[in-house]
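Take the sequence shown: its position 320, counted from the start at 1, is 320 in UniProt numbering, and no numbers get skipped.
Heads up, a few of these hints could be off.
Estimated spans, in silico, between C-beta atoms of each pair [as the list claims (entries may be wrong)]:
hint, residue 1, residue 2, range
1, K328, E17, 40 to 46 Å
2, A235, D489, 25 to 31 Å
3, D147, V477, 17 to 23 Å
4, G94, E17, 23 to 29 Å
5, W49, D147, 34 to 40 Å
Calculated directly from the structure, the hints in this document are not laboratory data.
Note that beta-carbon positions come from the ideal geometry of N, C-alpha and C, so glycine has one too.
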Amino acid sequence: MDVFTTRAGRVRGRRSERDPGIVTVRGLPYAAPPFGADRFREPRPAQPWDGVRECTAFGPVAPQSAELPGSPAWSPGDEDILTLNIWAPTDGPGDLPVLVWIHGGAYVFGSSAQPDFDGTALAARGLVVVTLNHRLGFEGFGHVPADGEGPACPDNRGLLDQIAALEWVRDTIAAFGGSPGRVTLAGQSSGASSVACLMAADRGRGLFHRAILHSAVNACATVEQAARTTAEVAAVAGVPATRAGLLAASPQTLVSASDRVVDRYRQDPGSGQRHYDPAIYGPVADGDLLPSDPLEAWAAGAGAEVELLVCHTTEEYWLLDAVGSSAKVTTERQLHTFAADFGLPPQLVDAYRDRLPEAAPVLDVYLALYGDLLFAEYSSRLAEAHARAGGRTFLSRFDRRAGGDGGRVRAWHCADIPFAFGNLHDENLHFLTGGPPGPADHELSQRMAGAWAAFAAHGDPGWAPLDAGGEGAASRVWRTAGEEARETDAFRDLWDAAGLPLQAP
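Starting from the given sequences, assemble the full structure and let the hints guide the process.
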């Protein structure tokens, strides 16, 4: 019988349609709904229930305007959004390694119900897989000013939700066959940066023992920057930028106002960094939960006790261009304005152009530069900082560019995740992966999922870690069998000379 006992009550899951040897439990509350009197507050424990709770469907997603293929959309009025999902072997011996997944989505969209994140294939390798929802957008990362009345509203509420989910895993995962002493925390994009933040936070210490970061994003705000964003959003929403004013605005109002602020930046080429890809929310270096940007905190030794696996893709930013979330940069003048807005020296732009194919358009130079600034270089520097601080660190790159039909596809942002989860079968993901998979794609997926499972179980994905100086030819490059080897690290020396400016949402 697929009934499990948790501290809040009993829950019933069901067998996976893909593998009857795996039981899935979906939509299980790990904290109380963060609305009403609990809005903008730290998460509270879920209320107990009587009887057996049916947990066979994903829980409601956090307030957002995105509608993703194969995933549920947010419905205003849905409040029980702090839920998680579990995939576990039905005949596991117990004390299994646990992999907890935090989804990406620029801190404003996405959910644990996305088809990319089905945990069946990884659970079949002997893991207990947990995915979770947390607060997004203003609800999760908007700065709420203190007004002297009522309890304080902390920054980084989305990160606090993640901590609450990890505490639930610590206290409860044994009921599902998992070991609370063998937890790997993993994420991609903003989910990866969330993991990086929790490695830098004292409150995250001891809740996980290994970490997997795919395409961590370079963005952490100061309290002052977050307060300016709040003022902008409140003005568009037509409410005072105060605790009382923001509480009076519905979640739907703040989602709509945030979208309008984003659109203003998109339409204004003179608005600086935010014009190019206006992600207005993210972690806040509040001096409380998060002392500083993770890169700075890791360089000082934070999180060195956590074993680490980092990956990024070779052509990160081409996806953002393909889905229309990035400004088009097609002229030399726009390209140099972009570089100036981010504090990048002109010689870095020229060097990128020199190393790209001779016929590469300006747009490709921009996409290569921005992808490295935002994801690839930042991820690599996180790995190197961790190794230099004494951490055990593995680095890899995803460079698969040959599709199942032999056509060329991009090794772009998000394309690696269906391979690592073993979810190439879902048609909703074929846009990411370039169409239906071929035998070579399935073989690559087996290798990547195997590396994740081995790292979660033993701390060794199958290749050598970085040396103590954060250097060495230690990276694994993920390609399909027979793909031509390419230089995937062609620009790193340029950043050594130029420096990597930290950017904020």
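Do the hints match the structure? See the list:
1. The supplied range of 40 to 46 Å is met by K328 and E17, whose beta-carbon atoms lie about 42 Å from each other.
2. A hinted range of 25 to 31 Å is violated for the C-beta pair A235 and D489, which are about 44 Å apart.
3. As the Cβ distance of D147 to V477 is approximately 53 Å, the hint placing it in 17 to 23 Å is violated.
4. Between G94 and E17 the beta carbon distance is about 25 Å. The supplied range of 23 to 29 Å therefore holds.
5. W49 and D147 have their C-beta atoms about 35 Å apart, which keeps the hinted 34 to 40 Å range intact.
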